[in-house]
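Colleague: Hints in hand, dock the two standalone chains.
Just so you know, the protein sequences line up as chains R and A, in that order. Just so you know, we're using my numbering here: the first sequence kicks off at 1 and counts up by one. Just so you know, we're using my numbering here: the second sequence kicks off at 1001 and counts up by one.
Calculated from the structure, these hints are not laboratory results. For each residue, glycine too, the CB sits at the ideal point set by N, CA and C. It cannot be assumed that every hint is accurate.
According to the in silico footprint, chain R covers these stretches of chain A (three or more CB under 8 Å from chain R) [unchecked claim]:
{"hint": "1", "stretch": "1002-1014"}
{"hint": "2", "stretch": "1093-1107"}
{"hint": "3", "stretch": "1240-1246"}
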Amino acid sequence: MPAIEIQELKKSFEGQPVLHGVSLTVNHGDIYGFLGPNGSGKTTTLRVLLGLLPPDGGRVAVLGLDPAAAGPSLRQRVNALPESHGLYGWMSSERYLNFFGELYGMGFTGGDYRARLRRVGLDPDDYRPIRTFSRGMKQRLGIARAMINDPDVLLLDEPTNGLDPRGRREIHDLLIQLNRVKNLTIMLSTHILDDVERLCNRIAILDQGLVQYEGPVHSEAGRQRYRFHLGNGGVTLSSWNFPGISLLDRQDSWITCRIEGGSPAEAIKTLVLGGLPIVEATAVSGGLEELYLDYTMGGAQ
Amino acid sequence: MNALLTLIKREFQEDFQASRGAVFLLIATVVLSSFAVLLVSNTELSLLDNAQAVYMMAGIIIALAALVAVIRGSDGFAGERDRETLEPLLLAPITGRRLAEAKLCGLLCSWLVLFILALPYLWAVGSTGQNLLPAVQYLFLTGTLMVLLFGGAALALSAKMRSFKGVLSLGLALLLFLGSPIVLGPSLRQSYVGRMLDLANPLAGALNTLDSVIIDSQGVALQLVRLTIMIAYSLAVLWFLKAVTRRIEP
Chain R
1 MPAIEIQELK KSFEGQPVLH GVSLTVNHGD IYGFLGPNGS GKTTTLRVLL GLLPPDGGRV
61 AVLGLDPAAA GPSLRQRVNA LPESHGLYGW MSSERYLNFF GELYGMGFTG GDYRARLRRV
121 GLDPDDYRPI RTFSRGMKQR LGIARAMIND PDVLLLDEPT NGLDPRGRRE IHDLLIQLNR
181 VKNLTIMLST HILDDVERLC NRIAILDQGL VQYEGPVHSE AGRQRYRFHL GNGGVTLSSW
241 NFPGISLLDR QDSWITCRIE GGSPAEAIKT LVLGGLPIVE ATAVSGGLEE LYLDYTMGGA
301 Q
Chain A
1001 MNALLTLIKR EFQEDFQASR GAVFLLIATV VLSSFAVLLV SNTELSLLDN AQAVYMMAGI
1061 IIALAALVAV IRGSDGFAGE RDRETLEPLL LAPITGRRLA EAKLCGLLCS WLVLFILALP
1121 YLWAVGSTGQ NLLPAVQYLF LTGTLMVLLF GGAALALSAK MRSFKGVLSL GLALLLFLGS
1181 PIVLGPSLRQ SYVGRMLDLA NPLAGALNTL DSVIIDSQGV ALQLVRLTIM IAYSLAVLWF
1241 LKAVTRRIEP
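In isolation and in its complexed conformation, chain A is listed as follows (with noise of 0.2 Å):
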């Protein structure tokens, strides 16, 4: 088998056959269901319209995406070094690229996990109301990217710095920074120093777009700034993780 094929399942193995993989299962779906409980039952929560639920119900799924992305990046080579499981891999005939692909891919594996597992949340919430099928499909690009950046970027710094721990504190720090702008009051986040915080923002796009799909029904034209603006980031990231996998070392 194809070295980076076996990588691949390796990442995939150790999510979901050790015990960890059995820890993000029941975390994402005990998250899940409380909110969507909340969406249905609480007194306040239950008059929001339906476009409001998925937009909500998407949103958290892509700060849970988002943040399993952070852990399991910092994890990435940090974790193996912390864990002594790193040395026997770099010894094999695979350059350090290569192990950034698969664990990437990993990563990627996992987020589509936690997406089918999001599916009938988003249906239960949103089955009776409009533009659920563009929320499913926005969602998935959103948080694919999401994913891409956030995990990469863990990646990247894990692959450079010694200790879990600190890949993961600097990881939640840069999350909480980029979460932080998401939670200004409306009056503010309209002005000039507003908008151009929500632009930059990659997390903010995510879910201006989500908010743009689902709850205005705007097409895709008008998601093409956003849009662009988080694939830049993406791609930036990629190149960086890809600069600093060169060499990794023990």
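In isolation and in its complexed conformation, chain R is listed as follows (with noise of 0.2 Å):
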């Protein structure tokens, strides 16, 4: 059984379709990259895994239970960091964790509590309101009050977004130990691929409701990228009809395609047999960043 697992999952807001009909999966103790551009639906995707929002068709398990329907059960299994960090500013950050642990009925001592914010990287003997806190600090914190309960699946919105490089290169080791210490099962929504490249093993590209793209990180996909240099000034395209191939790019007598099935001979022979007059193939190195642009500007087609 699945972590999570989503299928055809279809969301609206006055009736302006989000979500199309997503579907991935996410297997326990992956560390799941939710990758896609603003608007794409990534945060209305978590908030239905964490049953704050109903779904309006499709079908949605996150450890083998509906989020909709099992409520508080699930929810002491799960936690979230949301893109905000909902922190209370009067109050201290040791008091803000305990009102969370309470909450959780955890039934921690106060030693408890501040081993958890040593482990984030906080001074348990700073009382100061969390106001006063910079926007790490916060952050910290917040990634603090989503382990209190020692969830077994971890969703992230953003978690490094304002931090310094230190910053978040300790918020990434932070999460690499609890994924490989306590088998937990995270799923990162996030913009910055640097995070993507080093903490994820799989990655979902979310576009326009859909997911485009489901898979390993560091996919064949995104290396099978060729750049074509067309002969006689290059030709006039009015349709692209190569199965298999999709047209990237296009500028002047250069084409760029991604093969999606097959050997790049073999595509240069389909290119060649349907005329046009290649005269120079060069593979493409294509990162995260390529594959994410790829399937989030229209070149999955």
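Modeller: Structure below.
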């Protein structure tokens, strides 16, 4: 049984569809990157997974339970860090953790809370109100709050947003440690591709309310990009009709394609037989950024 | 500690340890002090008999309690949503109803503090006259019902509406609408329409109950109809609150 399973999830707001049929699977122990441009439906998907929003259609299961129906029993095993910190500015950090610890019925002692603050790099003897904290300190406290119930599944929305490089590295190390030591399943929604490359083993790219790509971070799909130089100053393309080959870009007599299946040689043969006068082919190194751009700028056709 | 108690404790602490608690206490003290000074020093107001002065003081306290309940109730969910503190609460293993119960208890705690704060002022304007004890008892009863009614309604609206300002505007408009018949002239209030408006209006019901007990020295039997109507309104609001907090969206 996967940790998270979504099939054909649909959600609309005031008649405006946001999710058109999202499907993805997160396995136990994954650090799963959830990527997509602003407004693509990432936060809505996370809120449905947390039971905060009811789905309009499709099937959602977290740890085998329906989040909309399971309620508090599931929330005892799942936690999240929303994009906004949601901190009480007038509380001290220890009191804030204490409040949530009591809400979750954790029965911790003062020493436990102090240890948890130390684990995210906060000073437990700092009794200043949270409103005086820097953004990075607030983010760390948010993560400590999200870990207060020792969840099996942790959903993070932009966890390193606003952190300096050192702060980001420390949060990365903490998440990797939690994942390895406690086998914590983490689903990470972010725009920062460096976070994904460093942390995640699998990703989904969401665009226009649909998962456009799901698979490993360093996918072959990202590497199978070729730039072709067309002879005779190029040709006029009225339509693109080469199955298994996606046209990503065209500039003068150069075209960039992604080969979805088969070998590059077969693809070149198909293009030449189809009338494209290819005189030069160059493999384009495709990292995560290329993959992301391919699938979020209309590249996946 | 029980989750409900934890939430109530936080509501109370937020009221009286955060700066907004100090502002609330300061405003309440200024309003009550100003009115008490007016009652004893103004040439015309000081001619009022003792019971009339106590009734006017009690009326001010009821109005203040209803106003605070509307402001605090509007802030209950919508304010937390604006401050982005609602989502972490909704992630915790507690139901929306539990949250609403805790927030309602927080409102009642605020009312209790206001009531205790008002006691010396009531004593100052009414200690030499009659009916001070019934005035205090009925003030507590009707004030509690008004806080449940107005605070509960504002809380229910704030669970559904997205912005604090929107809920507050609606709540204050409702309060003004219900308060307006009270300023009708005596002859109009004695008419059939005036009597019906008075009977149907819970705020007028609370003030008429205080009038009847403090000024006319009437017993509990004559208050039953008005009290029943106020209790019915409060129960309806609590039912509405329970229904709308079944699912709270962030």
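Colleague: Going through the numbered hints above, which ones does this structure break? Give me the numbers in ascending order.
Modeller: 3
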